[in-house]
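Peer 1: Chain by chain, the residues:
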Amino acid sequence: MDKRDPFRHNVLTSGHRACSGCGEAMAARMVCDLIGPDAIYINATGCLQVFTTHNQQSAWQAPWIHSVFANAAAVASGVEAALRVRGKDTPVVVQAGDGGTFDIGLQCLSGMIERGHDVLFVCYDNEAYMNTGVQRSSSTPHAVHTTTSPPGRLSQGKHHLKKDVISIVAAHYMPYAATATIAYFPDLKAKVEKAMGIKGPRFLQVLSPCPLGWAHDSALTVTVSRLAVETGLFPLIELEHGELTGVMRLAEQKPVEEYLRPQGRFRHLFGNGEGAAELRHLQALADARICRYGLLDAATEWDTQSAMQSMRHGRGGYVPVLQEEMEK
Amino acid sequence: MRKLLEGSQAVAEAVRLCRPQVVAAYPITPQTHIIERLAQHVADGELEAEFINAESEFGAASIVQGAVAAGVRAFTATASQGLLLMTEVLHNIAGMRLPVVMVCANRAVSAPINIFNDHQDSMALRDSGWIQLYAESNQEAADSVIQAYRIAEACELPVMVCMDGFYLTHSFEPVELPTQGAVDEFLPPFHFARTLNPATPMTLGGGSEPDNYQEYRVLQHEAMENSRAVIEAFDADFGTQFGRSWGGLLDGYRLEGAQTVVLGTGSLMGAVRDVVDRLCDQGRAVGALRLRCLRPFPARELVGRLGSAQRIIVLEKALSVGAGGIIAAELRAALQQAGITTPVESVIGGLGGRDLTPDVIEAVVRNAGPDEAGVSCRFAPQVAVHHEAHEEHEE
Ligand SMILES: Cc1ncc(C[n+]2csc(CCOP(=O)(O)OP(=O)(O)O)c2C)c(N)n1
Ligand code: SF4
Ligand SMILES: [Mg+2]
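The listed protein sequences derive, respectively, from chains A and B. Quick note on numbering: my numbering labels position 228 of the first sequence as 228, and the sequence is numbered without any gaps. Offset between the second sequence (1-based) and my numbering: plus 328.
Hints listed in this document are in silico derivations from the structure and should not be mistaken for laboratory results. Cβ coordinates follow ideal geometry from the N, Cα and C atoms, glycine included. It is possible that part of the hints are untrue.
What the hints assert, rightly or not - Partner residues aside, some chain B positions facing chain A, computed with beta carbon under 8 Å: (1) Gln349; (2) Pro355; (3) Ile363; (4) Asn381; (5) Glu383; (6) Ser438; (7) Pro516.
Construct all of the structure, not just a fragment, from the sequences and the given hints.
Peer 2: This is the structure:
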């Protein structure tokens, strides 16, 4: 690991075309500058690829390859195999969005982990397909407004829960999997450094707010990132060989509304009865995560049991627990 | 009702009027506006359908395959990389003779990645067993979707309606939307005999051996050959009911007495028509022929329309790398089989969204000479090269 000033490398240099306040650009800058230019970067299709390599220009000052949307982890497997054959220990790093990780890229990712490739896979999770103009992915949280999960007469936004990808990945008994977000740079730095010190497949899920898709003020990217953690909606955790080995505990829990209010993607939930039910559900989800990972000393309103039972999938109505709660 | 609509919206409205009950969606530019509009219709209760956000195009194609096999009308749309990712399933759908309808918003393929229009994506699927209709305008794209369901269900063949990305999907034009009643009259309720049904259990997608596999393809090929008449008949029917039709398989323009004919497909033909007018005004005998249907390939019909031309230029937005123009090669074969020796000039242009402007097209027509032996195609210039003859005229 290079011990020099982490921002000296400029692996991802300026002049790229991200939107102002792009959380993904910040996250990638942090991660890549910590890793440095002596690595091979594999990028899935997505905003990061598009805004850094527009029309024969490149913002990358390290070897970088983009093949297609679904296969970054498999391309990385091939790169790693070639380096092994050539007797090199150059680090191999995948960068992908949530679509390229949770959805279309999951099969290749699972294969890469199962085969034990020495690759760090970094997912910049902005909770939707942003590059194509904000469509829902399986990372999009429940009730969010995207163009393919629009609120309407019969709908309050996305009908399905955010996929718990970190648990899926960790279930491969992989050496290291962790979540991070841009508001907590020292935590992110520690996790990147730890990951780079471990052999085998490693996974980082970096929550990266997107002012365009989340419809928040582009000056609030870091604030929103912090609130995701402080409300319990996005726990910062580490898993080693499938076991939970680290959590960032919370001094106090902020109500989810503080996180949801500044974001236009939740706007439709405010000021109507059905939306209120969704807001309760989102609070239950936050409580469930706090209970599950032991983030608080104090009790939450919902315990894991009742919160989990409130979880709704698909087109189904409220499960009894939440319905009773609502009737109270 | 006449409405100013984006091409994607027009197509989405046409899809809604066909009452699909399962819609599978995955975002990819320039197709996404189609499924976004359908998503909103479902959220608002204006379309009673299961709207399924797939995890990839591989999933989306498979979802519509399952839905149609289970007895309902279904829809999906994609482009470029998404179409290529669907490839395995699209061949399978066709081999199973399932009446699936999809829209391809034509876009270049990677690498290098490029979101703009050409025909490399759907052309790569030309041998998959799907009927392929290419639209010139938004109105035609919308109408073709309605026709496509009827063709697919009558022939038990899947139909891909191809519309040019951006040129059509993102441009606004007045479009005549038929009423629900009129569409219901044109398009009978979904019927497919070989559905998955416990009352009449059926095995779909079982194995075959060398002694019978080929017969599947023979039957598929025959169905494709026979679909020519169906495509023409339904387009004519559509014309009777709605007052518009699109030429069936081929759409000719000022062909009578034309010595030079430009053959092409898709939205580019609008510009070609302009060039034809220009050149005819200058006293040249030029005409245009639009290939509306690439599969089944209307070989006989092409020969019929081009037989008396003295010069044929095929202008296409796709390239069989290492071979040349795809439509040109197929046309050469058709003419040769008919004993016609007119040379076919193969010109490739418009790749990755480069505009084939009327000036460029005119330059192609003016500058072309017969192909040198061994040269399969040439490439359209990026900008029009003005020649003396042209300049004289300008004066
Ligand atoms: C096979 C395929 N399907 C769809 C696309 C279109 N596409 C390009 S980027 C993208 C969204 C990327 O979303 P995500 O992975 O979450 O990254 P983000 O842009 O949000 O950072 C999509 C759908 C594609 N390039 N290839
Ligand atoms: S759309 Fe979102 S993720 Fe993409 S560049 Fe803009 S802010 Fe960043
Ligand atoms: Mg994303």
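Peer 1: Are the hints correct? Go through all of them and say.
Peer 2: So, going through the hints one by one against the coordinates:
1. For glutamine 349(B), the interface hint is violated, the least distance from its beta-carbon to any beta-carbon of chain A being 14 Å, above 8 Å.
2. The closest approach between the C-beta of proline 355(B) and any C-beta of chain A is roughly 4 Å, which is under the 8 Å cut-off, so the hint is satisfied.
3. Residue-level restraint check for isoleucine 363(B) holds (minimum Cβ-Cβ distance to chain A is 6 Å; threshold 8 Å).
4. The beta carbon of asparagine 381(B) comes within 5 Å of a beta carbon in chain A, closer than 8 Å, and the hint placing it at the interface holds.
5. Given the 8 Å rule on beta carbons, the hint for glutamate 383(B) holds: about 4 Å separates it from the nearest Cβ of chain A.
6. The interface hint given for serine 438(B) is met, as the beta carbon of that residue sits about 7 Å from the closest beta carbon of chain A, less than 8 Å.
7. With 8 Å as the threshold, the beta carbon of proline 516(B) stays out of range of chain A, its nearest partner Cβ sitting at about 28 Å, so the hint is violated.
The structure fails to meet hints 1 and 7 from the earlier list, while all remaining hints are met.
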